[in-house]
Amino acid sequence: MKVLVVDDETDVQTLFEQRFRREIRAGEIQFAFAHSGEKALTYLNDHSSEYVLILSDINMPGMSGLELLRLIRTTYPVAPPTVMMITAYGDAESHDQAMKLGADAFLTKPLDFSNLKEKLKSAL
Amino acid sequence: MEIGSFLIVFFMVRYIRTSLQTAERFPEWDRMLLMVQYVATGLLVSDIFLDSDFTKWVWHLLLIGMVGAAYLLKDFRPVRNVWLAVGPFILISLFGDLVELIVPDFYESIKTMVEIAEMFSFIWMVATWFITRKQQKALEKERLKRQQEEEQNRIIASQNVMLEQIVAERTAELTRQKEELEQTLTELKATQDQLIQREKMASLGELTAGIAHEIQNPLNFVNNFSEVSVELIEELKEERQKTDRDAGLEEEILADLAQNLQKINHHGKRADSIVKGMLQHSRASTHEREPIDINNLADEYLRLAYHGLRANDKSFNATLLTDFDSNLGKVSVVPQDMGRVLLNLFTNAFYATEEKRKTGLANYQPTVQVITRRIDGETIELRVRDNGCGIPASVLNKIYQPFFTTKPTGQGTGLGLSLSYDIITKGHGGELVVETEEGKFTEFTIRLPT
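Chains as they are written, first to last, in the UniProt record's numbering: chain A, 1 to 124; chain C, 1 to 450.
Check each hint, because a few of them may be wrong.
[What the hints assert, rightly or not] Only part of the chain C face toward chain A is listed, based on derived beta-carbon distances under 10 Å:
hint: 1; residue: SER229
hint: 2; residue: ILE233
hint: 3; residue: LYS237
hint: 4; residue: TYR306
[What the hints assert, rightly or not] Straight-line Cα separation of at most 27 Å, DSS-like style, residue types lysine-lysine; simulated pairs:
hint: 5; chain 1: C; residue 1: LYS358; chain 2: C; residue 2: LYS426
hint: 6; chain 1: A; residue 1: LYS121; chain 2: A; residue 2: LYS100
hint: 7; chain 1: A; residue 1: LYS100; chain 2: C; residue 2: LYS111
hint: 8; chain 1: A; residue 1: LYS117; chain 2: C; residue 2: LYS189
hint: 9; chain 1: A; residue 1: LYS39; chain 2: A; residue 2: LYS2
hint: 10; chain 1: C; residue 1: LYS426; chain 2: C; residue 2: LYS330
hint: 11; chain 1: C; residue 1: LYS200; chain 2: C; residue 2: LYS189
hint: 12; chain 1: A; residue 1: LYS100; chain 2: A; residue 2: LYS2
hint: 13; chain 1: A; residue 1: LYS100; chain 2: C; residue 2: LYS330
hint: 14; chain 1: A; residue 1: LYS39; chain 2: C; residue 2: LYS111
hint: 15; chain 1: C; residue 1: LYS356; chain 2: C; residue 2: LYS189
hint: 16; chain 1: A; residue 1: LYS100; chain 2: A; residue 2: LYS119
hint: 17; chain 1: A; residue 1: LYS39; chain 2: C; residue 2: LYS426
hint: 18; chain 1: C; residue 1: LYS426; chain 2: C; residue 2: LYS440
hint: 19; chain 1: C; residue 1: LYS56; chain 2: C; residue 2: LYS145
No lab work stands behind these hints, which were simulated from the structure alone.
No residue lacks a Cβ here, since even glycine has one placed at the ideal position from N, Cα and C.
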C-alpha cells in the first residue's frame, strides 16, 4: 500500500518514518511525502494510480488541503484514492467542508498514531 | 409817568418770573411777585380815578423796593443786574419829584432837563432790555448747545459702559472656551494613550490564535518524537537480548534516537521563541534597542500573523514567500516596536489579499512576500508585498493619519499604520514608503540605518 503524506512541516516525514518503521521494514506500507498541495498534485500526476491513500494537512500556505481534496475529487482522472484530512483546528466548519468535498476521514492534531494505524489497516 | 412805572413793574415781574422760573423753584416769591403785579394794576386804576400826588410816592416805593429786593436778596442774585436797566430811570424820576416837592421854583428851572434825562434813562432802559434779551438768547443758545454736547457725552459714556460690558463678557467667554479646550485636549491625550494601548492589545488578540497554533505544532513534535524515542529504546533493548543481534539495526536505532533528541530540542526552542516573542509584544516597550536578526523577526511575525488570521477565518489562505538576504546582519532596533510594525504590515497585506479574493476573481492566488536586502554598509531594506486589492489614490495620502481606516467600523482602530510610521521614522530614524496600484499590489518598504 502506498501512502502520500502532505504537510508543510518537513519533520512530519521523519516522524512517520519512525512511527511506521516496523510496517515500512515489513514492506506493508510505502510512504511518499509532499510539502505542499501543489507538490502533492504534481507528484500524483507523475505517479498516477500508484497511491491508494492520501493523508493531507488542511492548513498549509498556498494551496490548502481542502483545495487539494477538491481537485483530487473533481479532476483526478484515475481510480479515486482514499483521502484523509488532518488539521490542528478540529472545528465543525472544516470537518463539514472536508466531508462535503468527499474526505474519507477527518483527523485532528496531535495525531493518535495507533488510531491512524488501525484506520490504515482497515483501509487496506 | 404812572403808565411807565406800571410797565416797568409789569416787565420786571415777567422777567424775574421767567428767568428764575419762580413758579417751580420759589413758589413763595412767585406769589409775592403776582401780588406786586396786582398791586401795580390796582395802583394804576386808582391813579386814573383819584388823580392824587400820593400814588406817585407809592410807585417810587414799589420800584425801589423791587430793585432793592432784586439787588439784595440771595434768591434773586441771577437777576440783580436789573437795577442797571431800571435804576437810572427810577433815580431820575425820584430826584425830579423830590426837587419838585421841596423846591418847586428850582424844579421849574430844571424841569426840561429832568424830563430829557428821564427820556434818556427810559431809552437806556429799553436798550438795556433789548441787549439783555439778545444776550439771554445767545446764552440760551449756548446752553442748548452745551446741553446737546452733554447729552452726546452721556450717550457716548453709556455706549462706552456698554462696550466695556461686552468686552468683559467676551473675555469671560473666551477664557471659558480656552479652559474647555484645554480640558478637552487633556482628555484627548488620555484617550490617545488608551487607544494606543488598546491597539497593542487588539494586535495581541489577533496574535493569540496564531500563537496557539504556532506553539501547538512544535509541542506535537516534541511529544511525538519523545514517544517514538521510548519505542525505539524498547526496540533497542529487545534487539540486545537477541542472540543474533543485528548491529546495523542497532546503529540505525541509535542514529534515529540522536536525531529525535535534536528534533525535540529544535521544536522546544521554536515554542520557546514564540512565547518569548509574545511576552515581548505585550510588554510595555522599554524603547531600548538590541541587535536583532531582522530575517528571524520577520519570519516569526509573518507566521504569527498568518496563523492568527487562519484561526479566525477558516476560509482564509495565502502563499507566503520569503526572500531573505543572508548578509543582512543584525540591526539595532527596539524588538517590541519593530514586531508591532511587522505584524501590522503583514496583517494589512493579508487583509488586502482577502479583500481581493472576496471579489471572486478566477485563478487568484493570494500571495504575501517578504524581502530583505542590505542596500549598503549603512542601510538595510525590508519589503512587504502583497498582490491584494491595492490602495486607491484618493486615500493614499491619508493612510498614516491616526484613526484613518478603510475597514468596517469596529474592525480597525486606524492606528496601525500611524503608529508604524512613528516607530520607523521617529523611533528608528528610518523611512516607511509605500508603492501601490489599485487592484494589483501594495508594497511597503522599511529602510533602516544600521
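Is the Cα-Cα distance between C:LYS426 and C:LYS440 27 Å or less? Cα-Cα ~30 Å, so violated.
Take the C-alpha atoms of A:LYS100 and A:LYS2, compute the straight-line distance between them, and say whether it is at most 27 Å. holds (25 Å)
Checking one constraint from the list: CA of A:LYS121 to CA of A:LYS100, max 27 Å. Satisfied? Within the cut-off at roughly 24 Å; holds.
Do the alpha carbons of A:LYS39 and A:LYS2 lie within 27 Å of each other, as the hint requires? holds (17 Å)
Check the hint pairing C:LYS356 with C:LYS189 against an upper bound of 27 Å on the C-alpha distance. Roughly 37 Å separates the two Cα atoms, so the pair is violated.
27 Å Cα cutoff - pair C:LYS426, C:LYS330: holds (20 Å)
Return the status of the interface hint for C:SER229: holds when the least beta-carbon distance to chain A is below 10 Å, violated otherwise. Interface hint status for C:SER229: holds (8 Å vs cutoff 10 Å).
Taking only the CA atoms, is the gap from C:LYS358 to C:LYS426 under or equal to 27 Å? Measuring from Cα to Cα gives roughly 36 Å; hence the hint is violated.
Run the distance test for A:LYS39 versus C:LYS426: straight-line Cα separation, threshold 27 Å. With a Cα-Cα distance of about 45 Å, the restraint between A:LYS39 and C:LYS426 is violated, given a limit of 27 Å.
Check whether the Cα positions of A:LYS100 and A:LYS119 lie no farther apart than 27 Å. holds (20 Å)
Taking only the CA atoms, is the gap from C:LYS200 to C:LYS189 under or equal to 27 Å? Holds, at roughly 17 Å.
Please work out if A:LYS100 and C:LYS330 have their alpha carbons no farther apart than 27 Å. violated (49 Å)
Hints 2, 3, 5, 7, 8, 13, 14, 15, 17, 18 and 19, counting from the list given before, are not met by this structure.
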